[in-house]
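Student: Residues per chain, in single letters:
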Amino acid sequence: EAGVAQSPRYKIIEKRQSVAFWCNPISGHATLYWYQQILGQGPKLLIQFQNNGVVDDSQLPKDRFSAERLKGVDSTLKIQPAKLEDSAVYLCASSGTFYNEQFFGPGTRLTVL
Amino acid sequence: RKEVEQDPGPFNVPEGATVAFNCTYSNSASQSFFWYRQDCRKEPKLLMSVYSSGNEDGRFTAQLNRASQYISLLIRDSKLSDSATYLCVVRGGATNKLIFGTGTLLAVQP
Chain Y
1 EAGVAQSPRY KIIEKRQSVA FWCNPISGHA TLYWYQQILG QGPKLLIQFQ
51 NNGVVDDSQL PKDRFSAERL KGVDSTLKIQ PAKLEDSAVY LCASSGTFYN
101 EQFFGPGTRL TVL
Chain C
1 RKEVEQDPGP FNVPEGATVA FNCTYSNSAS QSFFWYRQDC RKEPKLLMSV
51 YSSGNEDGRF TAQLNRASQY ISLLIRDSKL SDSATYLCVV RGGATNKLIF
101 GTGTLLAVQP
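Just so you know, the protein sequences line up as chains Y and C, in that order. Taken in order, the first sequence gives residues 1 to 113; the numbers are from this note's numbering. Taken in order, the second sequence gives residues 1 to 110; the numbers are from this note's numbering.
Hints in this document: simulated from the structure, not taken from any laboratory. Don't be surprised by glycine CBs; every beta carbon is placed ideally from N, CA and C. Treat each hint with caution, since some may be false.
When the alpha-carbon atoms are kept at most 27 Å apart in a straight line, the in silico DSSO-like pairs for lysine-lysine are as follows [unchecked claim]: (1) Y:11 - C:2; (2) C:2 - Y:83; (3) C:42 - C:79; (4) C:97 - Y:78; (5) Y:15 - Y:83.
Residues on chain C that point at chain Y, a partial pick, calculated with CB under 8 Å [as the list claims (entries may be wrong)]: (6) 22; (7) 26; (8) 44; (9) 97.
Required output: the full structure, derived from the provided sequences and hints.
Tutor: This is the structure we're talking about:
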């Protein structure tokens, strides 16, 4: 079974630039998550989708971050404009439902200079 | 106070040693508990769920103490391949989101 796919794997940008990340969840998984993992910390949930609806975006910095999951499958996470403190690994995960095990993608490592 | 607290380590142990990690959580209404493993520059993967009665999976034993809001992971007969960061994870809240600790780094030495 194919896992969660993410692209790009690495991205280097300068502050104030924009960047977008893409995630393709495991086929049939209704719930999709975006996490931010800063070096030395555990992943922090940014946003959770159930199909194409947002369930929890309480920790998403909405002044600069946005995410969508059109058609309830793929998702994109955008940062505009980026700040130095956005340097992190952005992990996408999916699960069958809220209670099922979450499977993580390989992540996108973002460096903001 | 952090919602999930762990000793970041590192724990440097020889092969064959027994090592224990501890974790505390602040929300008494938390519903489910897990240990995830994260290898260097890789994604987290579920190691095991943690139940009040305690559970074992081979060399790994997890325990939960709800009264003390405390979770533990015991690794017996450590292998070089056990070297990784072990993340304590708690599920709770209205949206059942996972809350991760900062992780404990384990380095098993030959």
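Student: Hint by hint, work out which the structure violates, then give me just those numbers in ascending order.
Tutor: When the structure is compared with the hints, numbers 1, 6, 7 turn out to be violated.
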